[in-house]
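The task is simple: from the sequences and hints, build the whole structure.
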Amino acid sequence: MPGTNLAVVTWPPGVKDRLYWHWHFWWQAHYIDCQVDAALRQPSLERRHRLQDTLRAMSVRSVWRLTANKYYDDKAWLALAWNRALQLDGIHRSKALDKLEFDLLEGIDPVTGVLPWRRAETFYNVPSNGPAAILFARTGRLDKSREILDWIFDNLVRENGLLEDGIRMRMHGPEVVEKIYTYNQGTVLGASLEVALALRDDVGLDHDEPIDSFANSERADASVFYITHIRAIVQAIALHLATPQGVIISPKYESGDGDGGLFKGILARYLAEVAVRLPRDSRENIATRKIAARLVRASAESLWQHRLEVDGLPVFAAEWTEDALLPHNYGFGPASISEAVGLVRIDERDLSVQLSGWMLLEAAARISRATGL
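With the working numbering, the residue at position 361 of the sequence shown is 1578, and numbering never jumps.
Note that these hints are calculated values from the structure, not bench results. Don't take every hint at face value.
[Said to hold, decoys possible] With a cut-off of at most 27 Å between alpha-carbon atoms, the simulated BS3-like pairs for lysine-lysine come out as follows: (1) Lys1316 x Lys1287; (2) Lys1396 x Lys1469; (3) Lys1287 x Lys1396; (4) Lys1287 x Lys1233; (5) Lys1287 x Lys1312.
Values in this document were obtained by computation on a predicted structure and should not be read as measured data.
If you want it as structure tokens, here you go:
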């Protein structure tokens, strides 16, 4: 449709893929986020127009009812990406974005104080609440963001410092879903950073102003709670979710394809935020910035080394320590009987996997710009 732009969800695409028969709402939200990264890094009229076309296409494909989506994580990701796009000239707030934000606020459960995974659910998880907490902190709703983060830290921190997935409310009581996913670590890092910086700003502390007096210590007290959690999570990621060389890897329950294809890229995005924006007011924070930067850079180098190239363009691997595979359906037809009957599936075919690689490289580029290295 003229004036619209969406990313095809598989490559090479089938007929249903070209028609967007299966609607991958949150993949397209991350496609928007990646476009924002590129446009901020190197602005151009073409990039801005493409981004505007994608925002328009999201509404068109959703029949102008973005809030009808019952999954709160989907809506939080789109609202986050759309808010970031407002940094670019020519992109403005709309009623659709306002409705998305209010829909998320209205979805907060009055008993737990957090969002369920989807409407009419009793599963409260980090995938919905992490991005929502980032959004609320960035849009001036700091109290809501803090309530969500405090609930996560009270209920979902594992002994090794990593964050569990969520809590299901059962008849016999709450039941923790003990699964570790990379992107959950990333969104909580991002939300904690936004809250910490906002709290410092509220009490008049400059970004890197050292805590070298009793007065400054008192002023920084509220933000230190969240900064301490940032340090602990980054350390846990380096110990448990990365190789000794610092390359981010998928944990046990995380698939490399489908939705799982996005997870490591999301973590990389928010590690870069920590590497660039965490206040340099203490030795501990400086060390945390360095660890976060190392994780992103090592992962980006490994991803690039293991890429394939087709017509001069990269195909990224689902696992950043392994060589990328060319989808078997590339070319004239299936490469084997097992593929022909659907028994072989190459993770690299999914848009999610390629967006994750794009996010990682943009994260590494951001760190390089900030450090001059």
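Outcome of the hint check:
1. Lys1316 x Lys1287: Holds. Lys1316 to Lys1287 sits at ~14 Å (cutoff 27 Å).
2. Lys1396 x Lys1469: 8 Å, holds
3. Lys1287 x Lys1396: Distance ~23 Å between Lys1287 and Lys1396 Cα, so the pair holds.
4. Lys1287 x Lys1233: 23 Å, holds
5. Lys1287 x Lys1312: Satisfied, since the Cα-Cα distance of roughly 19 Å is no more than 27 Å.
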